[in-house]
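Q: Those sequence lines, one after another, are chains A and P.
The numbering of the first sequence is the numbering used here, which starts it at 1 and goes up by one.
The numbering of the second sequence is the numbering used here, which starts it at 1 and goes up by one.
Simulated from the structure, these hints should not be mistaken for lab results.
None of the values given here were measured: they were computed from a predicted structure.
Among the hints, erroneous ones may be present.
Identical chains share a label here; the pair holds if one copy fits it or two copies do between them.
[To be verified] No more than 27 angstroms apart at the CA atoms, straight line, and that leaves these computed lysine-lysine pairs for BS3-like:
| no. | residue 1 | residue 2 |
| --- | --- | --- |
| 1 | K50 | K151 |
| 2 | K130 | K55 |
| 3 | K160 | K50 |
| 4 | K55 | K160 |
| 5 | K160 | K52 |
| 6 | K100 | K160 |
| 7 | K55 | K100 |
| 8 | K100 | K130 |
| 9 | K151 | K55 |
Protein chains: 2
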Amino acid sequence: MARLTNCITMMDEGIGRMSQIVPQMPAAEARLCRLMLMVSTSLEEELEFKLKPHKLNHSEFLTLMILYSRPDGSSTPGELCEFATQGATNMTRIANALVKRGLITRGASEEDRRRVLIRITPAGRRFVLKMLPPMFPRVATMFAGFSDNDKRNLSRLLRKLAHNLDQLSETSHP
Amino acid sequence: MARLTNCITMMDEGIGRMSQIVPQMPAAEARLCRLMLMVSTSLEEELEFKLKPHKLNHSEFLTLMILYSRPDGSSTPGELCEFATQGATNMTRIANALVKRGLITRGASEEDRRRVLIRITPAGRRFVLKMLPPMFPRVATMFAGFSDNDKRNLSRLLRKLAHNLDQLSETSHP
DNA sequence: ACCTTTTATTTCACTGGTGAAATATGACTT
DNA sequence: AAGTCATATTTCACCAGTGAAATAAAAGGT
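All chains should be built: construct the whole structure from the sequences, respecting the hints.
A: What follows is the structure in structure tokens.
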């Protein structure tokens with residue numbers, strides 16, 4: 001049996017036994033939580049596997065992609081922290097790494113010179129365009145056997161979950 | 001707008017622009033990947049938030065739960081590594097931490113004395129029973145507004161995704 | 001001109017996790 | 001009995017990320 005499937009089986013049995021001991025437990029929801037965490041860990045590993053040859057880690061890749069997909073190819077550290085969900089400390093390190101490789105530049109903004117402007121370089125764009133296509137088959141294979149309806153449904157449910165999570169974090173750690 | 005929702009909006013726009021530049025990109029699948037990663041990161045934070053007061057991190061909690069849910073309350077380091085998806089190095093540290101708190105014991109197995117037997121203590125069981133219930137409302141709230149059908153569907157789709165991920169990792173890094 | 005605020009950065013100590021190599025132990029094979 | 005294998009652990013150097021505090025720089029309000 002394969003790794004993830006194996007873990008999921010164990011999890012199912014474990015939660016089954018737990019919910020006999022602690023009947024108030026929301027067993028179905030707990031299962032979904034564990035499923036989410038396990039599957040996404042594995043998904044992340046799968047993507048990292050394609051990044052490693054390029055000596056990129058996940059957050060460097062993500063930062064680069066955010067910059068690429070901006071209309072003007074630029075952003076500020078603060079914005080990048082927000083969208084890549086990284087702390088400022090870490091973003092500094094990420095930016096340092098990408099600047100050293102010549103994939104982005106970092107300079108003072110013209111309008112508001114407090115701000116630092118981070119901008120993807122032509123070399124950065126070429127790099128992305130070269131490394132991206134080999135990832136496509138892998139991403140497509142992950143969702144093999146998913147009907148269009150399955151994909152729509154998964155998207156809908158994840159967004160709904162995201163909405164609930166936002167509510168939760170707003171009320172308890174605002 | 002809330003944090004996650006905000007990030008998702010940006011992601012949608014970003015992938016929209018990317019798929020105009022690189023039309024072969026499997027845009028729907030890429031969106032689902034990003035959604036999975038973002039949502040599960042947030043979900044994990046939400047759970048950690050409830051663990052922090054108990055000075056437990058996610059993998060310590062998981063290890064403890066695995067032990068609790070075993071019929072005999074015990075396991076071996078190797079097995080725990082597998083089901084908690086942790087390296088041996090890390091499991092040693094986790095076990096050290098839990099032993100120090102008196103929540104588990106670690107001793108040589110009787111039958112096969114190569115093996116180490118890790119076993120949850122009565123104090124460990126009490127600890128779990130005390131800390132678990134306060135997490136329930138949080139977990140339930142995450143899936144507020146999910147019909148039974150939604151939950152079944154999400155479970156089905158995540159398991160399908162898990163299956164595909166297993167296939168992927170078996171063929172490419174076996 | 002002065003004060004406040006925003007923004008970015010750096011530094012430091014820390015947590016959490018990885019990977020590789022070395023060591024120990026004892027089971028299994030022959 | 002000797003050799004091989006499996007298991008667990010430790011150690012070491014490392015990567016990735018956090019949180020808090022200190023510093024810098026300049027915008028904006030008064």
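Q: None of the hints should be skipped; say for each whether it holds.
A: Evaluated hints:
Taking identical chains as interchangeable, the C-alpha atoms of K50 and K151 lie at most 27 angstroms apart only when both belong to the same chain, with a minimum of 23 angstroms there against 32 angstroms between chains. Taking the shortest Cα distances, K130 and K55 sit within 27 angstroms of each other inside one copy (14 angstroms), while across copies they are farther apart (44 angstroms). Proximity of K160 and K50 under a CA criterion of 27 angstroms is satisfied inter-copy only: 22 angstroms between copies versus 29 angstroms inside one chain copy. Neither within a single protomer nor between protomers do K55 and K160 lie at most 27 angstroms apart by alpha-carbon distance, with minima of 35 angstroms and 30 angstroms respectively.
Taking identical chains as interchangeable, the C-alpha atoms of K160 and K52 lie at most 27 angstroms apart only when they sit on different chains, with a minimum of 26 angstroms there against 32 angstroms within one chain. When the C-alpha separation of K100 and K160 is checked against a cutoff of 27 angstroms, the pair qualifies neither within a copy, at 40 angstroms, nor between copies, at 41 angstroms. Only within a single protomer do K55 and K100 lie at most 27 angstroms apart by alpha-carbon distance; the minimum there is 13 angstroms, versus 38 angstroms between protomers. Within a single copy, K100 and K130 get their C-alpha atoms as close as 19 angstroms, which meets the 27 angstroms cut-off; across copies the closest is 50 angstroms, which misses it.
For the homomeric pair K151 and K55, neither the shortest alpha-carbon distance inside one copy (31 angstroms) nor that between copies (38 angstroms) is at most 27 angstroms.
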